[in-house]
Structures are given as structure tokens and as C-alpha cells.
Amino acid sequence: MRCFGSRGFGFAGLVHRHFAMTELRVSYTLDSTLETVDNAEQTASRIAAESGFDEDVVMQISMAVREAAVNAVLHGNAYDPEKKVKLEFERTGNDLVITIRDQGKGLDLAKIPDPLAPENLLKTSGRGIFLIRSFMDEVQIHPSQTGTEIKLVKHVHGPSGDVKEASQ
Amino acid sequence: MSMKTSTRQVDGVTIVDCSGRITLGEGSVILRDTVRELLSKGQKKILLNLGDVTYIDSSGIGELVSAFTTVRNQGGELKLLNLTKKVHDLLQITKLYTVFDVRDDEASAVKSFN
Chain A
1244 MRCFGSRGFG
1254 FAGLVHRHFA
1264 MTELRVSYTL
1274 DSTLETVDNA
1284 EQTASRIAAE
1294 SGFDEDVVMQ
1304 ISMAVREAAV
1314 NAVLHGNAYD
1324 PEKKVKLEFE
1334 RTGNDLVITI
1344 RDQGKGLDLA
1354 KIPDPLAPEN
1364 LLKTSGRGIF
1374 LIRSFMDEVQ
1384 IHPSQTGTEI
1394 KLVKHVHGPS
1404 GDVKEASQ
Chain B
62 MSMKTSTRQV
72 DGVTIVDCSG
82 RITLGEGSVI
92 LRDTVRELLS
102 KGQKKILLNL
112 GDVTYIDSSG
122 IGELVSAFTT
132 VRNQGGELKL
142 LNLTKKVHDL
152 LQITKLYTVF
162 DVRDDEASAV
172 KSFN
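Quick note, the sequences are listed as chains A and B, same order. According to my numbering, the residues represented by the first sequence are 1244 to 1411, in order. According to my numbering, the residues represented by the second sequence are 62 to 175, in order.
Hints should not be assumed to be uniformly reliable.
[Claimed, not checked] Just a few of them, taken from the derived set where beta-carbon distance is under 8 Å, the chain A residues facing chain B: (1) M1306; (2) R1309; (3) L1359; (4) R1370.
[What the hints assert, rightly or not] Output of the computed footprint for chain A on chain B, the stretches with three or more beta carbons under 8 Å from beta carbons of chain A: (5) 122 to 132; (6) 148 to 157.
[Unchecked claim] Covered stretches of chain A, as calculated for chain B (at least 3 residues, CB under 8 Å): (7) 1343 to 1352; (8) 1372 to 1383.
Don't read these hints as lab results, they were simulated from the structure. Every residue, glycine too, gets a C-beta built ideally from N, C-alpha and C.
Starting from the given sequences, assemble the full structure and let the hints guide the process.
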């Protein structure tokens, strides 16, 4: 797999970014490509680590973002070069909030089968949303005719004590 | 790290040593092509060694399921060897851990094939 680390963010359309001691808000406008999926995952991993989450939680967050980016690029925008994916990270004192928006026709949540149902276990797809829900503390999905927005929340100070002290 | 596979034969079993990432795109395609090539050569006892797989996403999980059912539909067997904790946990939460025959010792895994 290719590595984009040496290219910095590797994203077009950096909109806004600033760091404070504990707060962060950064957003990107991305092409509907597989490169976007990899970059979104890597950026999520970096920001989650900078936010003080431990290694396992960083993996969960980066995987959830990857799955959401896959949905946006493939199922939402269907690789359409005219359509973009917006990716936003917001860190408050309590939460890391990640929002991914596509410009597709809107995800039909009713058509997503339960991947744990016995009749679906051997299906080769349909686990992305399930994994996202498994890995994040809160997941909000807002489909519309102009696209789908998915908001992922990980609490910085979760009840399980799975967060290290935030590095400053 | 890109997905890589290498194959070796042990007592009639084809062991596929996988390393890197099994994810949407290249990683999944390499796994799919490797299994298809083995089946085309009549090698239907396949042990996927995932000990050096560092990352797998939902597409990679789907590819493992596809490989499992494809081999089984052709009268063969596909088993998994040396899961990392990450892959183990993923198969647990997706309820696939009991679907696959998962082994952690190569010698006994090879003997377990009919």
C-alpha cells in the first residue's frame, strides 16, 4: 500500500486548521478516490494519537473513519470526480468529533442488513456501519437527497479509562 | 506496508504467508488472486497465515469470507493461522471467529486437514 506520510496531509482544499492547548478544528475537502480513504485513516490516526487516546482506541477511531470514508467515496459519491468528501475533526475538552459528508443520493439505512444475523454472516460486504458503531461512542447518520453526513464521537474521558493524559 | 503473500507446501497443504494490510483495493485483490490461482492449480487445502497482517478493514474481512466460501464451494478447506489480536478481535465482534477454523500452531493445523 502506498504511503503518503512524506507528502504531509496530501489533501486538496485545506479549509481551516488551528490548534489550541486542547482544542482542535480542522476540515478537508477531498476527492472521491481510494487515496482519500487511506489519507483519512492516517489523519484520523494521527489526530487521535495527538488527542491522547491509547493505541487500541486510536486503531478503533482510525478504522471507523476509514469505513466512513469508504462509504462516502464508494457508496455515496461512487468515485464521481465531480463529487467531494468533506472530512472534519473537532476536538473539544471532552470529545473527539469527526464528521464525514458525501454528495451522493443518501444512504438508505433500511437497506443495511444486520451483519450478525445468521443468514448474513457469510456475506462479503455490509459490515462497515456495524464496525463504525462498534468502535465509536456515538454515531449519528443523517442521509438526505444531497448526500449523507455521518458524525462519529469518541469521548476523551471515557468511563473505561482508556485514554492517556493528553499530550500538550 | 503493502499486502504480500508467499506460498509453500507442507504435507499437501498450501500455506499462504500473508503480510501487510488486507484492505479495500490492492490488499483485497492480492488475496483474492492468490486464492483463485491456488484453486486453479487444484490446491484446495489452504492455510492462511495471518501472523504478519497488521491491519484489516471491512473489505478485507469480506475478502476472507469470500475466500472461505469459494474454497469450500470447490470442495476444499481454508483455515486461518496465527491471528493477531486486532484480527482476532475483529472476527470476534463480527461473529466470524466461529465460522472460520482458526489455528495457532502450524504443525497441528496442517495435520487437521482431511
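Hints and how they fare:
| no. | hint | result |
| --- | --- | --- |
| 1 | M1306 | holds, 7 Å |
| 2 | R1309 | holds, 6 Å |
| 3 | L1359 | holds, 5 Å |
| 4 | R1370 | holds, 4 Å |
| 5 | 122 to 132 | holds (count 7) |
| 6 | 148 to 157 | holds (count 5) |
| 7 | 1343 to 1352 | violated (count 0) |
| 8 | 1372 to 1383 | holds (count 3) |
Checked against the numbered hints above, the structure breaks only hint 7 and satisfies the rest.
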